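Asker: Please model the entire structure based on the sequences and the hints provided.
What follows is each chain in one-letter form.
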Amino acid sequence: MTVHRAPAGPARPTVRPSPATSVAGESRRPPSAMRRRRALVAFGLLGPSLLGMIVFFVYPLVMTVYYSFTTFDLSNSPRWNDFANWRFIVESDPLIGTATRNTLWFIVIMVPVRILGAMAVAWVLSRVKRGSGLLRTVYYLPALIPPVASTIAYVFLLNPQNGPLNVLLKRLGIHGPGWFTDPSWSRPSLTFLSLWVLGDVMIILLASLLDVPTEQYEAAQLDGANGWQRFWYVTLPHMTPILMFSLVTGVIGALKYFTEPAVASATAQGKSAVGAGTSTLLGWPDNSTLTYGQLLYAKAFGANLFGYGSALAVLLFIVTAALLVVVLRRFKAFTPEVAR
Amino acid sequence: MRHRRNLLAVVAENATVITLAVCFIAPFVFIVLTSAMSAQQAGTSFSWPTEWHWENYRAVFDKLPMLKYFGNSFVYASLATLFMLVSSVPAAYALARIRFRGANVMFLGVIAMMLLPPQVTSVPLYVMWTHAGLTGSLWPLILPNLLGDAFSIFLLRQFFLTIPAEYTEAARLDGCGEVRTLWRVILPMAKPGVAATSIFLFFASWNDYYGPLLYTSENEGAWPVSYALAQFRGARSVDWNLTMAATVVAMVPVVLIFFLAQRTFVQGITLTGVKG
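From first to last, the protein sequence lines stand for chains A and B.
Going by our numbering, the letters in the first sequence line up with residues 1078 to 1417, in that order.
Going by our numbering, the letters in the second sequence line up with residues 13 to 288, in that order.
There may be inaccurate statements among the hints.
25 Å max Cα-Cα, derived SDA-like pairs, lysine to any residue [as the list claims (entries may be wrong)]:
#1 B:K80 - B:S90
#2 A:K1206 - A:F1308
#3 A:K1206 - B:R275
#4 A:K1206 - B:A24
#5 A:K1206 - B:E25
#6 A:K1348 - B:S57
#7 A:K1247 - B:V41
Examples of chain A residues toward chain B, derived with CB under 10 Å [stated by the list, open to error]:
#8 P1137
#9 F1149
#10 L1181
#11 P1219
#12 A1226
#13 Y1231
#14 W1273
#15 A1390
#16 L1401
#17 L1405
Read the hints as simulated data drawn from the structure, not as lab findings.
Model, not experiment: these values are computed from the prediction.
Every residue gets a Cβ at the ideal spot worked out from N, C-alpha and C, and that includes glycine.
Answerer: Here's what the structure looks like:
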C-alpha cells in the first residue's frame, strides 16, 4: 500500500533577500533621493527601538562579559580578579553541577512531555465537532492565570497530607507521594503543573493542525491509509516546523525557568517567595528544583556576587546564542522577509 | 458493523474530551471550594465545605493591602502597554513595509532580544537602574517599553505582513508619506493585531514575577499583585483557605479580560506560531 506523501507541507523556506534588496544590489542601483528619504523615515520610526536595543541589549551584554572578570558588588566598583569567577565555576562551585543537571532534566523531560501533551490535546480538539470554542477556552484558561497563582494552587492541590489529589488517591487505596516536598517528586510535580498550563503551546499546534489541507487526508484515505498512517504521513510532516519551533522555544523557556520552581519551593516550605530573603529558599527540597536561572539569581542578587553571577550569565548567553542560531536558520517567520 | 464501530469511536472521543475538560477544570473547582472553607477545615483532609465562608475574600483584603497591589499591577501593566504601543507600532511597521539597508540586522536583533533569557542581562541592568535611583519601584520594568518591546515588535510585524502590500503601494502612489500610510491605512486594518499585542503585553506584565522580584522586593509599597501573592502563604502564617481566596482574587482580572477579548486573543496566539 502506498500513501501519497502529497506535496506535503509548505515548501522549505527559501526566503533569502532577493538580489534587488541585498547589499550588493543596493550598491548597483544608483542611489535615489527617494530611497534615501525612505531609509531616513525607516530609521526615524525605528529610532527609539534601536536605542532600546543598544541600551537594554547590546550594552548589558558587553557589561556582563566585563563584570564576569571582576569582583563586584553594588557598594564597590568592579575589580579585576584574575579569572577567579571562571575558576570557581570550573573547579569548585558545588551547586553549578546540580543546577545544570536539574535544568537538563527539565529540557529533556519536561519540554518534550509538555509538547506531547499539547499535541494530544490539540489533536482531540481538532476532532471535536460541537462546542469546540468552549472546550478550547477550557483547555486554554489555566495558561492564562499568573504563574505564581497556578503554582501556589498546585502546591496546595498536591500537598502530601491533606491535598485533594492525595485524598483522592487514598480513597483509591494508593498512598500518594510527597510531591513538591519530596526531592525525587518535586521535578515531576513541576512537570505536572506545566501540563495544566499547556494551553499556550496547544493553541499554536491546534492552528497548524487545522491548517492541514483536507484533500491530503482524503487522498491518503483513498489510498487506504488508516488513522495512524494518516497522522504519520500527512499530519506530522505538515507540523514538523511548528513542532521544532515549540521545541526550541521550550528549551529556551527551560533555560530561564524561574517563577514556578521558585514559588513552589518557597510555598511548599510555608514561606514567602518575596523580599530579599527569597534566594535562600530556592531549590527546596534538597536543591532538587534549583535551576540554572535560579542559581544565577541567588549568586548575583542573593549573595551579592555580581561578578560571579555575570560569569554564569555569560555561559547562559553562549548556550542561548547557539540555540538562537538554530532558530534563525530554520524558521521562516524569523527570517527577515523582504519588506513590501 | 461499520455503524457500530463509528458509535464506539464517538463514545470514546466524547469520553476523552470530557475527561480532559474535567482535568483542566478540577483544580479551579478545588481552589474555589477551599477558598470558602473555614480555616480549620482547610487544614484537614480535603472534603466538601461543611459551611461556606465567603467572607474569606474580605479577610484577604483586610490582611494585606490588596488594593494597593492591584493598583501597582494596573499601573505597571497599562503604562507598559501604552509605552509599547507608542514605540513598537512604528518600529514594526518599518520592519514590515519599508525597504532599507540594515533592516535584516535590525530584525535579527529583535528576535535575539525576544528570545534571550532575562537573567543574562539582569546584573548590568540592575546596576544601571540603581544608578538611576529607580530600584524599589516598577519603573525599571515600565520605562524600557518606551524604547520598544521585542516580542511586541515581532508580533506586530507578523500582523502587518498579513495586510496585502497593494494597500501600502496604493497609498504611496497617492502621495501618502510613510507615517500617514501607517496611521491611515495600516493601523485601521491591523486593529485586531494591535489589540492582541496589547493584551499580550498587559498580561505578561500583570503576571510577571521575576521583574518585580528584582526591582521591588525591598519596597513592599511597590509590589504588584502577582508578586505579592507569593508572600501570602508565608506572611503572618496565613491558612490555605485565605491563600486560595487570594489566588482566586489574583486570577480574576486576567480571566475577565480574556473572556471579554477572547477572539482577538486566540487570533493573536495563533500568529505567534510560525509556519515554516
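Asker: Please go over all the hints and tell whether each is borne out by the structure.
Answerer: Here's how the hints hold up against the structure:
Between the alpha carbons of K80 (chain B) and S90 (chain B) the distance comes to roughly 15 Å, so the proposed pair stays at or under 25 Å and holds. Distance hint between K1206 (chain A) and F1308 (chain A) is fulfilled; the C-alpha atoms sit about 19 Å from each other, no more than 25 Å. For the hint pairing K1206 (chain A) with R275 (chain B), the CA-to-CA distance comes to about 19 Å; that is within 25 Å, so the pair holds. With a CA separation close to 14 Å, the supplied pair K1206 (chain A) and A24 (chain B) stays within the 25 Å bound.
Under the criterion of a C-alpha separation no larger than 25 Å, the hint pairing K1206 (chain A) with E25 (chain B) is consistent with the structure, at around 10 Å. The suggested pairing of K1348 (chain A) with S57 (chain B) holds, with an alpha-carbon distance near 21 Å, which does not exceed 25 Å. This hinted pair checks out: K1247 (chain A) and V41 (chain B) have alpha carbons roughly 20 Å apart, not beyond 25 Å. Because the beta carbon of P1137 (chain A) sits about 4 Å from the nearest beta carbon in chain B, less than 10 Å, this interface hint is met.
Proximity of F1149 (chain A) to chain B holds as hinted, the smallest CB-CB distance being about 8 Å (cut-off 10 Å). At its closest, the beta carbon of L1181 (chain A) sits 15 Å from a beta carbon of chain B; the interface hint therefore is violated under the 10 Å criterion. Interface hint status for P1219 (chain A): upheld, as the beta-carbon distance to the closest one in chain B is roughly 6 Å, under 10 Å. For A1226 (chain A), the suggested interface contact is upheld, since its CB lies about 5 Å from the closest CB of chain B, less than 10 Å.
Hint status for Y1231 (chain A): holds, given a least beta-carbon distance of 7 Å to chain B, under 10 Å. Among the interface hints, the one on W1273 (chain A) holds; its C-beta lies about 6 Å from the nearest C-beta in chain B, closer than the 10 Å criterion. Against a cut-off of 10 Å between C-beta atoms, the interface hint on A1390 (chain A) holds, since the closest Cβ of chain B lies about 5 Å away. Because the closest C-beta pair between L1401 (chain A) and chain B is about 6 Å apart, less than 10 Å, the hint holds.
Below 10 Å, beta-carbon pairs count as interface contacts, and L1405 (chain A) has one with chain B at about 6 Å; its hint therefore holds.
Taken one by one, the earlier hints fail for this structure only at number 10.
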